[in-house]
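Chains as they are written, first to last, in my numbering: chain A, 1 to 539; chain B, 1 to 354.
I should point out that these hints are in silico values taken from the structure, not numbers from a laboratory.
Only a predicted model underlies this, so the values are computations on that prediction, with no experimental measurement involved.
Even glycine gets a Cβ: it sits at the ideal position worked out from N, Cα and C.
Warning: the hint list may mix true and false statements.
For the chain B half of the interface with chain A, some residues (derived, Cβ under 7 Å), not all of them [to be verified]:
(1) Phe39
(2) Asp50
(3) Asp65
(4) Glu67
(5) Leu68
(6) Ser104
(7) Phe173
(8) Ala180
(9) Val189
(10) Ser192
(11) Pro278
(12) Ser302
(13) Leu315
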Amino acid sequence: MQPTSFKTMFRATAVLALLLAATGPLQAQTRAETLRYVTGASVNTLDPNIPGATRESFALSLSTYDRLVSFGRKQLNGKWVFDLDKITGELAESFDVSPDGLKITFRLRKDAKFQDGSPVTAEDVKWSLDRAVTAPVLGKNQLLTGSLTSADQFKVIDPHTFEVTLPKPDKLALPNLAVVYPIIINSKLAKAHATAEDPWALAWLKENTAGSGAYVIESFKPGEQVIVKRNEAWNRGTTDKAAFFKRIIIQSVPEPATRANLVERGDADLVIDLQASDVQSLEAKAKLKVISTPQYNAVTFVSMNNQIPPFDNVNVRRAVAFALPYDDMFKAALFGRGAPLFGATWEAGKPPNGGYPIPQPVKVDLDKAREYLKAAGLPEGFATTFSFNVGQASTAEPMAALVKESLAKIGIKVDIQKLPDAQMSTQINEKKLPFFTEGIVAWLPSTDYFYRNFYIGNQRWNYSSINNPELTAIAQEARFEPDKAKYEEAGLKLNAIHFSEMPQIPLWQPNQDAVMAPSLEGYTYQFHRQVDYRDLSRK
Amino acid sequence: MNQQQVIGRTVRGTLGATMARAGRRFLSSLPALFGVLVFTFLLMRVLPGDPAVFFASGPNASKEDVELIRKQMGLDKSMPEQLALYLYDVGRGNLGRSMMTGQSVTKDLRERLPASLELTFTALLIALVSAIPLGVLAALKPGSIIDHGVRLFCALGVCVPTFVSGLLLIYVFYYLLGLAPDPTGRVDVFTSLPPSRTGFLMIDFLLAGDIEGWWAALKQLILPAMSMALFVIAPLARITRASMLVSLGSDFVRTARSVGLSRRHVVVTYALRNAILPVITIAGIVFSTMLGANVLVEKVFSWPGVASYALDALLSSDYAPVQGFVLLMASLFVLVNLTVDVCYGIADPRVSIE
Chain A
1 MQPTSFKTMF RATAVLALLL AATGPLQAQT RAETLRYVTG ASVNTLDPNI PGATRESFAL
61 SLSTYDRLVS FGRKQLNGKW VFDLDKITGE LAESFDVSPD GLKITFRLRK DAKFQDGSPV
121 TAEDVKWSLD RAVTAPVLGK NQLLTGSLTS ADQFKVIDPH TFEVTLPKPD KLALPNLAVV
181 YPIIINSKLA KAHATAEDPW ALAWLKENTA GSGAYVIESF KPGEQVIVKR NEAWNRGTTD
241 KAAFFKRIII QSVPEPATRA NLVERGDADL VIDLQASDVQ SLEAKAKLKV ISTPQYNAVT
301 FVSMNNQIPP FDNVNVRRAV AFALPYDDMF KAALFGRGAP LFGATWEAGK PPNGGYPIPQ
361 PVKVDLDKAR EYLKAAGLPE GFATTFSFNV GQASTAEPMA ALVKESLAKI GIKVDIQKLP
421 DAQMSTQINE KKLPFFTEGI VAWLPSTDYF YRNFYIGNQR WNYSSINNPE LTAIAQEARF
481 EPDKAKYEEA GLKLNAIHFS EMPQIPLWQP NQDAVMAPSL EGYTYQFHRQ VDYRDLSRK
Chain B
1 MNQQQVIGRT VRGTLGATMA RAGRRFLSSL PALFGVLVFT FLLMRVLPGD PAVFFASGPN
61 ASKEDVELIR KQMGLDKSMP EQLALYLYDV GRGNLGRSMM TGQSVTKDLR ERLPASLELT
121 FTALLIALVS AIPLGVLAAL KPGSIIDHGV RLFCALGVCV PTFVSGLLLI YVFYYLLGLA
181 PDPTGRVDVF TSLPPSRTGF LMIDFLLAGD IEGWWAALKQ LILPAMSMAL FVIAPLARIT
241 RASMLVSLGS DFVRTARSVG LSRRHVVVTY ALRNAILPVI TIAGIVFSTM LGANVLVEKV
301 FSWPGVASYA LDALLSSDYA PVQGFVLLMA SLFVLVNLTV DVCYGIADPR VSIE
């Protein structure tokens, strides 16, 4: 009796030890092949085109769907960033632009397959792009900026050749096919789920994917987490092989301090939305890799409504521009983490180049500010409110306090107003805020694009509500200017107008601080300001 | 008629009376629920902030996009029309669609309510199990070191806001000691979930016979439940102490003592049972408040509950989820009050006599 039980116990122990020995390394290995990304936001749709789609949804769609083409990457100050000038094929094997610039011909990869195994054909491409320009989706307004407006422009030549016709040469047409929206959808699968009221299967594609992308959805819990697994057949990466990670977990963790703890303890691999103070301390500890890239397609402003008195007076706007404590704001709001757009010196008062945004020749100079106020006929100053939204409170709150303090010195009395995000966007849209801070971002940053979208017309994104006919004319014309020297000249003119009119004050380009496990490699700052999971690998 | 029969009839009578009273209470709460429905609907629309503008915030969103979303959300119709449509939909069990998650509100709430309930129940259990003995101990020796100790503990628990205690607990048990799992939701991402039967993970894991998973879920649950419990121990312990003091000083306890009943018998059976009524009332209120007010704990621990869902919706002026949440909370409040009523009847049969 006793020997038997001893033997059983021995066996059990041996089996247990074996199990432990076997599962230990196995688990470690699967963890190494899994990427855990934590974020304060969440994915709310699997189709990036659905109105209301979040930025995390955009990022996910880059991994679940392919586009015809994609952007390359380049090194800028030792960091990888997207390169708008290098467009490479994704589903297209190659493409040609006709000499007159009116036709773009794409030859599709013959080996490309959708995730259900059916081949990708030019018919699918046509259906997908037709959908992007005709259905009530977000892609419509984006593709408009590249002169892609109608289904008639897309033509199937043969199953693997596809042609796009343009009304006039537009340098943004091709880049527009590489942005988030023009995903290539498995049209047979999508059509099977379309209904009479919903011919473009918007409802179905919101909760399902029908793409050919690098990752397949494993589970999708809106507001909590998304888990995707690698599509082994995918070979559209730069090295013509499947993506590195076998599994990616995209998890919503609302509390920034918790996200910092997770990545510091090694439980999460990557996070890009930490508070500047946490990034600072994590960088100081030097246990993790921190890649900080100025978001060079984004700008943070102090905006003034050029139609509301007293900001309709250019001298008031100039006074404010010379009364802001730029350095203190930069330190208090961002801990200096970004690229400043102030404190430049312009030779002979002329802008040094035609790019956008460029550092402005402004610094805090209270005497000058007082002179401008006097010139505006308001030597005693005035009272106004300065608004920012709750979502940006961590950076905007210290900034607002400094603005208030500094403007008080020249007699401008500022009340600080903190608004819930929806309320702030409504008031901006209705042009009711006199003085506030906001940011802008452009996916395809070029000087004319910025000026056309953010300085023209009575629309939400024209924060300063500026209405300057000269600026409008130059920017509209520059859009189709093929000559580089002339384009640069237009940019110089626009920048000069911006400085003399001072509709709003560019402050800085905040950093995108990507904090990651030291073993992670390949992180690239992307135009959509999210992570493209396909870039990443582990040493 | 023998004694047994008399007791049987009394018990049956008590239970029947309690049920009848509960039913009447339920019926009388229906108009209130309707009022809540209409009031929230109007309130959301009076609040400044246009959800259509907020959700159309892509880098190229135009006026048409805003109009499109407005139409999708039904905001292009007149207010009475919207209200009529909303009431019709609610009547059919459809609470609308959330712009934020892209899901129907009913589905979102159904998935998230168990998470909140599980957390709140656990927190309440921890709070009751520690508050009642603390209160009783303090009442047995008023003015003693124990009494002051309990008072200090309660004061500290109330002073420290739940998110501070939550962050502190995370810092100590997760970050420094590494004892707790990462504070990211109900279960570790690498653990596979049991088939959802009740939505309560503690129960679902047991039903699936997955002890390892059960333990993983319990570990996730302890810290958030503790930080919520810390906050509500104070009112429960204080009310227990006060009500125990009254009942210990009353005639029947003195009589029980004088006839030489054991101390345990006197304290637990006579004093505590009579003192428990206000504790039940407070526990009911505490439960309802916790369910709605645990938003900070849910945020800190990434707990996928209803409160953080409602807060996110409110910040983005997403009408349907907020309305759905308020309706849910109102219904739960009614339900909790009914339960408290029934508990009264059990704790003190005199309550049923009207």
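- Query: If you check each hint against the structure, which ones fail?
  - Reply: Hints 1, 4, 6, 7, 8, 10, 11 are the ones this structure does not satisfy, whereas the remaining hints hold.
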